[in-house]
Amino acid sequence: MDEDFYIALLYKRLDQRIEPEEQSQLEDWLQRSEDNQLMADGIEKAWQAGGRYQKPITVDLDAEFDLLEQRIEADEATKQAPRIQSRSRDNAQRFVIGWRIAASIALLVIAGWLASQWMGGSAVEWQQARTTGGKMELALEDGSKVWLNDQSLLEYPKQYADSERRVKLEGEAFFDIAKEATRPFIIETVEGTVQVLGTSFNLRSRGKGQQLEVEVHSGRVQLSPAIEGKEALLLEAGQTGLYDPQSGQLERITDLSPNAASWHSRRLIFIDAPLSAVLEDISQHFGQDIQLANPDMANCTMINTFEKDASLEDVLNAIAIVFQVEHQINDTDDAIVLKGGKCR
Amino acid sequence: MSKSTPTDEQLLERIQADDKAAFRLLFDRYYRYLLVTVNNVIGQPDLAKDAVQEVFFTFWKKRQDIHIKSGVKPYLRRAVLNRAFNFLKSRKLESMEGPDLPDREDESPDPQKQLESADLELIIQQAIDRLPEKCRLIFVLCRVEGLSHKEIAQQLDISTKTIENQMTKALKLLKEAVQPYVSKGLLSLILLLFY
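Protein chains in written order, with this note's numbering: chain A, 38 to 381; chain B, 434 to 628.
Calculated from the structure, these hints are not laboratory results.
Beta carbons are placed, not taken as given, at the ideal position from N, Cα and C, and that holds for glycine.
Check each hint, because a few of them may be wrong.
Straight-line distance between alpha carbons at most 25 Å, and here's what the computed PhoX-like set of lysine-lysine pairs gives [said to hold, decoys possible]:
1) B:Lys-594 / A:Lys-49
2) B:Lys-583 / B:Lys-506
3) A:Lys-92 / B:Lys-605
4) A:Lys-216 / A:Lys-182
5) B:Lys-495 / B:Lys-506
6) A:Lys-49 / B:Lys-583
7) B:Lys-594 / B:Lys-605
8) A:Lys-245 / A:Lys-172
9) B:Lys-522 / A:Lys-92
10) B:Lys-502 / B:Lys-583
11) A:Lys-195 / A:Lys-216
12) B:Lys-605 / A:Lys-49
13) A:Lys-267 / B:Lys-605
14) A:Lys-267 / A:Lys-245
15) B:Lys-583 / B:Lys-522
16) A:Lys-216 / B:Lys-495
17) A:Lys-182 / A:Lys-172
18) B:Lys-453 / B:Lys-495
19) A:Lys-92 / B:Lys-494
A short list of chain A residues far from chain B (calculated; beta carbon distances all over 10 Å) [said to hold, decoys possible]:
20) Ile-55
21) Glu-64
22) Gly-88
23) Trp-184
24) Arg-220
25) Glu-225
26) Glu-228
27) His-254
28) Pro-282
29) Gly-285
30) Asn-331
31) Glu-350
32) Asn-354
33) Ile-358
34) Gly-378
Derived list of chain B stretches under chain A, where covered just means 3 residues or more per stretch with a C-beta under 8 Å from a C-beta of chain A [claimed, not checked]:
35) 478–485
36) 490–497
Generate coordinates for the entire structure from the input sequences, incorporating the hints supplied.
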């Protein structure tokens with residue numbers, strides 16, 4: 038007797054599609070032996086329990102919704118500004134050293150222009166904080182804190198307007214902004230403004246025609262280029278926004294280097310970081326051009342954390358031990374050059 | 434309906450008025466249900482999550498164009514099932530009409546061990562997961578998701594006869610998984626524990 042034939046009939050019965058003659062055929066078969074009855078029982082149990090089948094899966098509602106929101110916001114921003122791109126920063130592109138010196142010169146040049154732009158016709162009384170040869174910590178009227186990096190200028194009103202808290206920055210600063218739902222905190226730079234919807238971030242304005250960079254550490258930040266009609270980019274914690282006025286490109290970078298604001302945290306962390314990226318972070322942190330003589334070394338990785346008091350000398354010595362490199366100062370441009378060495 | 438729990442239709446109306454909070458409520462209401470549905474069908478958690486993300490993303494993006502006749506839940510369910518079918522089509526399940534692949538050679542579960550957990554749901558769940566993929570898929574679509582033979586045939590481009598055969602095969606294999614307990618008179622005991 039063909040077992041499959043009766044299983045098919047049992048299925049039809051369970052699915053309530055069995056014809057009367059099939060029904061009697063099935064009943065005859067069931068009467069025939071206890072085994073048949075047992076098999077029918079088994080099929081029925083399998084049918085019942087199988088109906089409650091659920092493949093296990095973990096659900097994290099909040100994380101999934103966050104992801105969804107990010108996609109929606111990115112999509113809406115893209116719709117408004119078609120040139121936004123999303124990409125990862127590659128090491129070759131990151132290996133740019135010495136911008137800080139160039140930027141500070143550029144800032145001096147544009148300072149006069151800024152003064153005329155910002156001061157003209159304004160009834161607000163402005164205060165200035167300027168750093169030359171050091172960093173400065175500022176407490177603003179609303180409880181916000183600003184750490185101003187060297188060679189930077191922050192202008193802020195003695196008293197904010199009712200509708201907004203507006204300040205102006207040249208150079209680089211880390212902002213920890215007090216939350217005020219009704220008064221957005223707005224930072225003007227020459228190439229664009231940053232409107233804060235949340236809390237802390239690092240802002241680097243290199244000057245007129247130079248790249249503007251915002252690294253968001255917590256909360257949300259809106260970056261708006263200083264060009265009419267150019268739409269804003271909404272950034273989330275862990276994201277960096279880059280605006281290049283030369284090309285007009287507004288970019289979102291999603292992998293924030295742990296050392297992006299090392300000058301503020303005064304700690305350098307490297308976890309399996311390629312040497313090229315390590316040197317870039319160190320260069321930025323100490324404001325010292327460091328070059329690698331042997332390009333084969335660029336992808337050697339290291340794990341290390343340098344705490345607050347580490348000097349450039351300490352850091353270079355640590356690297357020298359790890360990779361067996363020697364460092365010497367280049368006479369022509371004062372850059373430190375690392376020579377020789379091998380990956381571990 | 435109390436004020437604190439808006440109906441799906443009220444939520445839809447608010448969503449169409451760009452209310453993100455209403456969107457979040459709808460998301461919370463149906464995310465799990467939709468994820469389980471699509472994961473049951475395609476059986477790959479990451480792809481299932483992507484599919485549900487897509488559905489909600491599109492739902493928000495096209496919110497102004499959405500016209501729902503039969504209810505928000507069936508609409509969303511239909512949307513994720515369509516995604517699942519698109520995925521299955523793109524994967525070109527080895528010719529549905531062709532011969533079955535050999536059954537997976539997973540080591541058979543030790544009935545005694547399974548019994549210790551005394552969980553019939555789990556036994557069946559594992560047995561379903563061990564079915565040949567084509568067989569599992571058709572069982573889930575028919576029995577778990579309750580789709581008609583006609584629709585499954587259309588979506589997977591197979592005959593209703595194939596579906597009938599695959600269901601028979603599935604029930605036979607699943608019966609074998611529960612049979613040890615039936616023949617030893619244990620299933621009734623297990624069932625007592627669970628019903």
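Comparing the hints with the structure gives:
1. B:Lys-594 / A:Lys-49: Between B:Lys-594 and A:Lys-49 the Cα gap is close to 13 Å, so the pair holds against 25 Å.
2. B:Lys-583 / B:Lys-506: 22 Å, holds
3. A:Lys-92 / B:Lys-605: 20 Å, holds
4. A:Lys-216 / A:Lys-182: Holds, at about 12 Å.
5. B:Lys-495 / B:Lys-506: 17 Å, holds
6. A:Lys-49 / B:Lys-583: Judged against 25 Å, a Cα distance of about 15 Å means the pair holds.
7. B:Lys-594 / B:Lys-605: Status holds; Cα separation ~17 Å.
8. A:Lys-245 / A:Lys-172: 22 Å, holds
9. B:Lys-522 / A:Lys-92: Judged against 25 Å, a Cα distance of about 21 Å means the pair holds.
10. B:Lys-502 / B:Lys-583: 22 Å, holds
11. A:Lys-195 / A:Lys-216: Between A:Lys-195 and A:Lys-216 the Cα gap is close to 19 Å, so the pair holds against 25 Å.
12. B:Lys-605 / A:Lys-49: With Cα atoms ~14 Å apart, B:Lys-605 and A:Lys-49 stay inside 25 Å; holds.
13. A:Lys-267 / B:Lys-605: The given pair, whose Cα atoms are some 65 Å apart, is violated under the 25 Å limit.
14. A:Lys-267 / A:Lys-245: 17 Å, holds
15. B:Lys-583 / B:Lys-522: Roughly 17 Å between the alpha carbons, so the hint for B:Lys-583 and B:Lys-522 holds.
16. A:Lys-216 / B:Lys-495: 33 Å, violated
17. A:Lys-182 / A:Lys-172: Status holds; Cα separation ~13 Å.
18. B:Lys-453 / B:Lys-495: 14 Å, holds
19. A:Lys-92 / B:Lys-494: 30 Å, violated
20. Ile-55: 13 Å, holds
21. Glu-64: Correct as stated: the minimum Cβ-Cβ distance to chain B is 18 Å, above 10 Å.
22. Gly-88: 5 Å, violated
23. Trp-184: Fine: 34 Å to the nearest Cβ keeps A:Trp-184 off the interface.
24. Arg-220: Label holds. Min Cβ-Cβ 22 Å, cutoff 10 Å.
25. Glu-225: 29 Å, holds
26. Glu-228: 31 Å, holds
27. His-254: 24 Å, holds
28. Pro-282: 31 Å, holds
29. Gly-285: Per Cβ check, A:Gly-285 is outside 10 Å of chain B; nearest 26 Å; holds.
30. Asn-331: Label holds. Min Cβ-Cβ 41 Å, cutoff 10 Å.
31. Glu-350: With a cut-off of 10 Å, A:Glu-350 remains clear of chain B, as the shortest Cβ separation is near 48 Å.
32. Asn-354: At about 45 Å from chain B, A:Asn-354 clears the 10 Å cut-off, so the statement holds.
33. Ile-358: 42 Å, holds
34. Gly-378: Given that every Cβ of chain B is farther than 10 Å from that of A:Gly-378, nearest at about 41 Å, it holds.
35. 478–485: holds (count 4)
36. 490–497: holds (count 3)
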